[in-house]
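Chains as they are written, first to last, in my numbering: chain D, 1 to 554; chain U, 1 to 102; chain Y, 1 to 249.
FYI, nobody ran anything at the bench for these hints, they're computed from the structure. Since this is a predicted model, take the numbers as computed values, not measurements. Any given hint might turn out to be false.
What the hints assert, rightly or not - The following residues of chain Y were derived to be distant from chain U, with all beta-carbon distances above 10 Å:
| no. | residue |
| --- | --- |
| 1 | F39 |
| 2 | L98 |
| 3 | N146 |
| 4 | V162 |
| 5 | A192 |
| 6 | H230 |
| 7 | P241 |
To be verified - The list that follows gives simulated cross-link-like pairs (lysine-lysine, DSS-like), each with its CA atoms no further than 25 Å apart:
| no. | chain 1 | residue 1 | chain 2 | residue 2 |
| --- | --- | --- | --- | --- |
| 8 | D | K121 | Y | K80 |
| 9 | D | K246 | Y | K80 |
| 10 | Y | K167 | Y | K108 |
| 11 | D | K246 | Y | K167 |
| 12 | D | K246 | Y | K134 |
To be verified - Partner residues are not named here, just some residues of chain D that face chain Y (Cβ under 8 Å, in silico):
| no. | residue |
| --- | --- |
| 13 | L7 |
| 14 | L8 |
| 15 | K115 |
| 16 | L124 |
| 17 | P244 |
| 18 | G248 |
| 19 | P250 |
Cβ atoms here follow ideal geometry from the backbone N, Cα and C, with glycine treated the same way.
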Amino acid sequence: MSDTIVLLPDQSTARIPKRNYLTQENGLLSWLLTRDHKRIGILYLISISFFFLLGGSLAGLIRLELLTPQSDLLATDTYNKVFTMHGVIMIFFFLVPSVPATLGNFFLPLMIGAKDLALPKMNLASWYMYMAGGLLALWAMITGGVDTGWTFTTPLSTHFVNTNVITTGLAIFISGFSSIFTGLNFIVTIHKMRAPGMTWFRLPLFVWSNYAASVLMVLGTPVLGITLILVVLERTVGIGIFDPTKGGDPLLFQHLFWFYSHPAVYIMILPGMGVISEVISTFSRKRVFGYTAVAFSSVAIAVFGFFVWAHHMFIMGISNYAVLVFSLLTMLVAVPSAIKIFNWALTLYKGSITFETPMIYAFGFMGLFTIGGMTGVFLGTSGTDIHLTETYFIVAHFHFVMVGGMLMAFLAGLHFWWPKMTGRMYPEKVSQFAAVVTFIGFNLTFFPQFILGTLGMPRRYASYPPEFQVLNVFSTAGATILGVGYLLPVLYLTWSLKYGAIAGDNPWQATGLEWQTQSPPLTENFTQIPIMDHEAYDYEWLERQKEKEVASVG
Amino acid sequence: MSEPQESGHRIINPRVSFLVYLALVAGVGLTIVASYQNLGIFNPILAVAIALVQASLVALFSMHLKYSPRVSKLSVGSGIFMLLTLFAMVLLDYMSRAWGSW
Amino acid sequence: MSDSTVIAHDGLEAGHHEHSPHLHHQFESVEQQADAGNFAMWLFLLTEVMFFGGLFTVYMIYRNWYYPAFVAASHQLSVKLGGINSVLLITSSLTMTLGVWSAQLRRKGSLIFFLMLTFLLGVVFLGIKGVEYKEKFEKHHFPGANYSLQSFVNPASDPVAVAAGDKPLPLDIAQRTEVYFSLYFAMTGMHALHMIVGMGILLFMIFRARSDAYTTGHTAFVEYFGLYWHFVDIIWIFLFPLLYLINRH
Ligand SMILES: [Cu+2]
């Protein structure tokens with residue numbers, strides 16, 4: 001037994017295959033007009049990384065301001081704009097498209113044995129919509145910003161602020177199309193483009209979770225769209241749908257907004273959970289425990305996710321009976337998430353575990369997501385919610401889920417599939433170090449915020465009472481470490497593009513169809529459409545394949 | 001040309017289309033007539049019921065849903081389900097905010 | 001093609017599909033492509049259902065909250081014009097069906113005829129809608145700074161209100177008519193916007209149909225557009241009774 005499963009080809013003779021999706025065509029236009037899902041995935045990866053670094057810098061500014069109790073670095077209204085733009089960029093331009101549009105785009109067709117997504121033109125259009133929305137949001141930010149918080153709560157957003165609500169709202173509306181196009185494309189592809197033998201219960205769990213997320217994108221996003229349109233119309237023409245002075249109900253805005261935005265957290269986290277399933281199975285050399293349960297829990301999360309949105313409104317004035325019902329339903333949604341965690345743990349049990357970088361990130365995910373999820377139960381309980389909501393407790397909660405969960409999963413997936421995408425390995429030692437740094441930095445940043453929240457420090461203020469300073473200093477120090485943890489991958493991944501070791505077809509000895517083709521893959525993915533004749537995560541099948549190859553070569 | 005019809009769908013006989021058309025126009029007449037009668041609470045219920053019948057006719061025949069693959073039917077079903085969820089869960093709040101005033 | 005079973009495609013057959021000029025590279029067979037396209041179109045309509053669903057939710061709440069205001073405001077609309085528009089749109093749905101049918105039977109002349117007829121009916125619909133909007137603007141029933149309560153606090157001053165037999169509303173209730181008109185303009189406006197987009201595509205199709213784009217077996221685009229157009233019709237089928245016919249007796 002070795003402490004690694006990495007199996008690289010002989011570096012002195014190995015070459016990146018001459019013909020692959022990267023070398024197929026050259027020139028900027030061949031990228032901007034491409035219909036190849038892999039190239040579109042790369043386009044998304046680059047643009048999403050840009051927005052992530054931007055949103056991250058804004059987060060840095062926030063933490064820097066909160067180093068001291070007074071608002072000294074930023075004026076209070078600038079601070080409002082900074083945290084709003086941080087939220088808008090991170091949620092709509094990073095988290096929502098992160099895994100589906102990059103890794104999903106790249107690997108979904110490969111995993112199901114298809115040549116491309118069902119609607120390649122729509123896929124490209126999706127990226128353009130994303131860029132149009134993103135650039136419009138940037139423009140809104142440069143020309144004055146917006147300070148409503150990412151939730152655009154009425155009547156604040158319609159009556160009391162004088163910032164770029166309209167532009168930002170339209171930017172999010174436009175980027176909504178990109179998410180609808182991606183989701184629609186995935187659903188059609190998964191239904192109609194599976195290779196022979198690839199039945200629903202042979203699909204990798206990454207595909208299942210992206211399917212569930214796609215359903216949410218298709219059903220939820222249009223409601224957000226019409227809600228933002230109504231806000232824009234309220235600001236421009238003065239229609240009175242959410243305007244209390246005209247008889248409108250501001251709470252109705254929140255109902256419609258959270259009808260999308262609660263499921264949206266599952267749009268963000270579900271694909272990440274899919275990544276974790278792949279990584280955990282590969283690095284413990286075992287089929288995911290309870291495959292069917294994990295697959296269906298994704299669907300269950302998607303369905304339940306639509307019944308709980310009003311838990312964001314417990315203190316906003318909805319009826320007590322509604323609080324009761326929504327609180328109860330919120331507890332229910334914890335069940336499928338827990339099913340996943342338990343099944344991953346049982347996959348690890350008696351597995352041959354190795355600690356490559358993706359696995360370290362996956363372990364980070366499991367721990368942090370569990371904490372994030374459990375604190376979500378606190379917030380779903382109506383009594384404790386009244387005390388904890390709108391404090392740093394909730395900030396810590398969703399950062400544990402989104403940064404500790406989703407971002408870890410994204411990085412796990414990025415490292416896991418990097419060899420397939422580029423044909424080269426990332427440097428293992430540095431990246432293991434970066435993963436550990438991220439984990440430490442993350443905990444130092446966000447754990448103190450749980451305490452700050454229970455002590456009653458409200459969110460979204462530039463200043464705070466001096467007794468909170470110690471914990472805030474911890475948090476800011478942690479954010480610095482976290483920043484280093486995120487910058488490292490940017491550097492060494494770029495470095496590896498040229499100097500990384502040649503990866504070969506299947507460096508992890510993983511079972512997915514995407515690993516049974518060359519890396520980087522051909523434009524048409526496979527030389528001939530594969531026939532799936534084994535279950536997902538069947539490592540014995542892989543062994544037999546290898547024996548066959550040896551026999552035929554010998 | 002021996003090329004196969006690209007869509008495997010059935011071609012709808014224009015006679016069916018005309019029958020659907022007549023039913024829809026009759027439906028418009030019926031809603032208008034019904035709305036001028038005092039039926040109390042049944043006024044809006046009848047109006048929506050007629051609209052639902054009309055919409056079903058359009059979906060099933062004009063939009064070929066009756067002859068479409070099962071997944072297409074499924075997507076319509078999930079749309080109706082989500083719409084009802086949205087209505088019901090929002091109503092849950094509004095109706096229980098002021099019992100009896102609804 | 002069933003979803004839950006193995007898709008029985010023979011990998012060896014790959015070469016034979018290249019005969020159809022309309023088969024895109026990512027698909028294995030014409031049937032797969034048609035099924036995928038049809039499904040994608042229905043999913044798109046699903047997003048449209050949810051888009052309008054948000055508006056219908058808003059309508060549902062406020063109609064129940066402000067019923068007297070909704071009644072009085074709804075009486076300001078012309079059932080005659082609304083009814084005519086309903087029939088026009090239903091007719092355009094019929095002509096669209098016939099257009100699809102012509103394309104399937106590869107009759108170019110009749111396809112173009114029916115597409116143009118559909119377009120024309122759309123133009124008349126929007127024209128009538130324009131007349132209705134204009135009247136609302138002139139009576140200051142468009143929500144916003146210039147909104148006027150005249151017709152509701154003093155119905156005697158407004159022949160339309162007199163004809164409907166409206167009683168004067170107390171000021172606070174009359175003010176809620178603005179919510180109704182906000183919804184009226186938002187809902188019919190979104191509907192009209194969908195029609196305008198559809199008519200743009202119709203023009204494009206008429207142009208393309210002249211060079212036999214849809215009458216050589218490749219009817220998918222016309223069929224998908226037909227689905228969209230019928231969907232817009234369905235929305236109007238609900239809008240008409242909900243907006244025009246509140247408590248008319
Ligand atoms: Cu939530």
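Of all the hints numbered above, which does this structure not satisfy? Sort the numbers upward. 1, 2, 6, 7, 8, 9, 10, 13, 14, 16, 17 and 19
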